Amino acid sequence: MESKPEEPVVTYVCGDCGQENTLKRGDVFKCKECGFRVLYKKRIRRKRLIPAN
Amino acid sequence: MATKEEKRFAKNFNINDLPDVPTGLPPHLQQTRVVSKSNPLTANASYVPSMGESVKLGNFYENFKVDVISLTERDMEFDMIGIDAAFANAFRRILIAELPTMAIEKVLIANNTSVIIDEVLAHRMGLIPIAADPRLFEYLSENDQPNEKNTIVFKLHVKCAKNKTRQQVLTSDLKWLPNGSELLKESGGSTSKPKTYTSFSCSQDSLPEFANNPITPSDLQILIAKLAPGQEIELEAHAVKGIGKTHAKWSPVATAWYRMHPKVDLLGEVEDELAERLVKICPKVFDIEDMGKGKKRAIVAQPRKCTMSKECIRDDDLIELVDLGSVKNHFIFNIESTGSLPPDVLFTEAVKILEAKCETVLKEL
Chain U
1 MESKPEEPVV TYVCGDCGQE NTLKRGDVFK CKECGFRVLY KKRIRRKRLI
51 PAN
Chain X
1 MATKEEKRFA KNFNINDLPD VPTGLPPHLQ QTRVVSKSNP LTANASYVPS
51 MGESVKLGNF YENFKVDVIS LTERDMEFDM IGIDAAFANA FRRILIAELP
101 TMAIEKVLIA NNTSVIIDEV LAHRMGLIPI AADPRLFEYL SENDQPNEKN
151 TIVFKLHVKC AKNKTRQQVL TSDLKWLPNG SELLKESGGS TSKPKTYTSF
201 SCSQDSLPEF ANNPITPSDL QILIAKLAPG QEIELEAHAV KGIGKTHAKW
251 SPVATAWYRM HPKVDLLGEV EDELAERLVK ICPKVFDIED MGKGKKRAIV
301 AQPRKCTMSK ECIRDDDLIE LVDLGSVKNH FIFNIESTGS LPPDVLFTEA
351 VKILEAKCET VLKEL
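Chains as they are written, first to last, in UniProt numbering: chain U, 1 to 53; chain X, 1 to 365.
It should be emphasised that the hints constitute simulated quantities derived from the structure, not laboratory data.
Here the structure is a predicted model, which is why all the values come from computation and not from measurement.
Heads up, some of the hints might be wrong.
Said to hold, decoys possible - From the structure, some residues in chain U lie toward chain X, with a derived Cβ separation under 10 Å:
hint : residue
1    : Val13
2    : Arg43
3    : Arg45
4    : Arg46
5    : Lys47
6    : Leu49
7    : Ile50
All residues carry an ideal CB built from backbone N, CA and C; glycine is no exception.
Bound-form chain X, shown alone (with noise of 0.2 Å):
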């Protein structure tokens, strides 16, 4: 708490009363305050609702709205409109670093007598997309046991025969231990029992999500390794929940974006000589028209297909002509999956999670 004396000596003071202040400066150099001339609510939003609309709940669910363009296996193409940037990017950003995968995090390596590393196989393991949905699974901490409920053990034994060319190591041959690692743990005396280096006290086989189908990784085609002849390669890896934020590795897409939907308006008649030419240089977007007696003129005929390569305006005609730029709050989404879940699960994870944050922050207020 501020004195009287400090007080009254806050009252008074005057900067320039202070020793090596320069005396004798022209006005402008004498402000010592600074002032923000815009408006400290709006002045960084980047949505500033136009025409006196409000950003209330209510008017949200009225204008959202979300259309599903194509949706696989694998992959997803939808569009979100009515919703502000920073949601589009959390989105993206959660899809991409904060939801849980399955990848192999240990690899023991009992014999390596192949060309790639001990090191550089391990780190290619890792990144081998497993195909096992991560609600099923638990994290494994640094004081836990590794059982069935936290980890998935493969197994790779291959050997290139003498006889037989070079071999290649493929994701097909990683074989899934549904009862738990088969390595034991080497032991100092030779009456203790041989400890294995996961405890698993019943088997995942038994589980019905894997009942009947086996984990394997989403692709078995990938390369691993290349073994020439004489050479083996004996390991046991086991998988782990995690997320892309703390590697790469666990990321379960195999990338996911977003661009803004492209605007394009013709701001006066594009006709004949002139049409003919705007479609040549953008035959995606613009089209011609017919208007009978021989006139011809161009028109917007898919806006959504405008890469914005900004070809159309490079031409000193037709720069006043077009108008090229972007639907606010109109979002055209990618997800690719890379095969742990399909991309509109994955998506609604990644809404739970944004829920789960703003629960959080709402906690803590």
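Next up, chain U with everything else stripped away, as it sits in the complex (with noise of 0.2 Å):
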């Protein structure tokens, strides 16, 4: 059973305009709609148990 597949999909933030593009291995690391070139990744959706103190 395979929880991570062979070819990982992530979705990646663009730095300028925030678009949310889905890049696979081996596309060019930029963002599809403003073509700039820092992606930032998305925070991880897992539950962190923080103290209020």
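The two chains are supplied separately, each in an independent frame; assemble them into the complex guided by the hints.
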């Protein structure tokens, strides 16, 4: 059972326009909309328990 | 038990016989005992009964008085007359640190893309005052399961849309979840039943106290965070019972303080020009009284308003005429509640806690 596929499909967020880009292995690393070359990874969707101290 | 030998030794002992003790000292350095001259019973007492009156319970009943000056939902000003400073201070300390409240303790963050980092956001949520009567809840300890009797669950899910301007996240965005947590714990296998973070056996909505008034924060305009377009906060906050001693977020009062009633006396006649000067320096406390025939004198109109700034005795002429002090045993108390309970209820609860402490001491004696 695979939770991570052979070719990971990740959504990155463009640094300029904020557009979400879904890229596969081998795709050019730039925003599909505005061509900006700095893409950020999205925050992990895991629940964090933080004490309110 | 000391033996006969040891007793004899102690009787014949003289410190000057020991080696290393210098001889030939003047008499004032040869002293080996320190004696206190003051009376041990009254040496450290803050209130020494004057004129032979005793501090008996009967006398206390006769002389003790409480006057409520003002009382609103959040603030109270009242006078306590005839009580010792130790009690006034004890009530103040209990109000600040030992009265329980409900405050957010655990924050489960599912998503936070705002500029406020998780820990800072959780810290801010902890400080939000919650309008829930803590007497209706139980403490949650390490081993207990969070349930409807010891936890209040809030949800916060805000997203700033892409086309909008910067958005504020206020306390009003917090939603009460009377049925408990909605977030599922991540389980390892897909076959096991998903567990939630709390196990509510019945909805808090069904309880009579909360049936028609939902639990909310005490103030709905408190700013928690700001979101720029595209940013999102999704979290669940669990509030539990605690006391101010553990963390200041659990203090039920913005603050509680007391001051002693000022004692302002004029030691002689303050007339005409001097009176005008005195009233000009402190118009709050002093006033002019006309004596007819063009003569005026100053009187102490409102000593309660004195702030003890001592401006009135800065002047060389006035310093001999104005006597400034405090009335012992007359305390002007102020209590500012943060909203969990009204201030008069807070005070009666503080009295109950002091009573309980006395009971504990008496039991142990």
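**Prompt:** Failing hints, ascending?
**Reply:** none
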